[in-house]
Amino acid sequence: MESSIEFPKPKYVTGGCVCESLTYRIDFPENHDFEASWTSSNTDTLGLYNATPAAERGFCTACGSFLYWRRVKSETDTIDVAVGTIDPQFLFGEGADGVEVPKGGFGVALAGGTGGHVWCVNEIPGVTDKMEYLHGRGRRWSKE
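According to our numbering, the residues represented by the sequence shown are 29 to 172, in order.
These are calculated hints, taken from the structure and not from any lab test.
Heads up, some of the hints might be wrong.
Ranges between beta-carbon positions, derived for each pair [unchecked claim]:
id, residue 1, residue 2, range
1, E122, T80, 29 to 37 Å
2, A82, P116, 39 to 47 Å
3, R99, G75, 13 to 21 Å
4, P130, T104, 24 to 32 Å
5, P116, A90, 15 to 23 Å
6, W97, N70, 18 to 26 Å
7, D125, E58, 18 to 26 Å
8, D72, G112, 20 to 28 Å
9, D55, E103, 42 to 50 Å
Dumping the calculated DSBU-like pairs for lysine-lysine here, alpha-carbon to alpha-carbon at most 30 Å [what the hints assert, rightly or not]:
id, residue 1, residue 2
10, K39, K101
11, K37, K101
12, K37, K131
13, K39, K131
Ideal Cβ positions, reconstructed from N, Cα and C, are used throughout, including at glycine.
With the hints as extra help, turn the sequences into a complete structure.
Spelled out as structure tokens, the structure:
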């Protein structure tokens, strides 16, 4: 389901856990469709949790922040990054210069432009409010 609406895509994003023990940078190639390479300088507090043999979750052992989810035995190296770990500058434009990062950030592209968005407590304007061009993706699920 592709959109005819264009929105800015990042060249890279940074993020990390709440206590900043784990930080990362995701670099996207030019003209990307969100295939990227992930780098992290310090992984001392990276913990892995397997609820099933098929998947693992990465989290910070110091603060408990959930960072990513991935299939263990998969034909692709896809990692689903927890959108809340992306730095605010990239996600919704906090402190953005309007040049490298647009004033509104890349929230639409990062949290719903090409994939799904499961649930969030904090709304991202234009993503979690059932935008028509997302074809139903980005709907907020309830806690109940």
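Let me make sure I understand: some of the numbered hints might not hold for this structure. Which ones are they, in numerical order? When the structure is compared with the hints, numbers 2 and 9 turn out to be violated.
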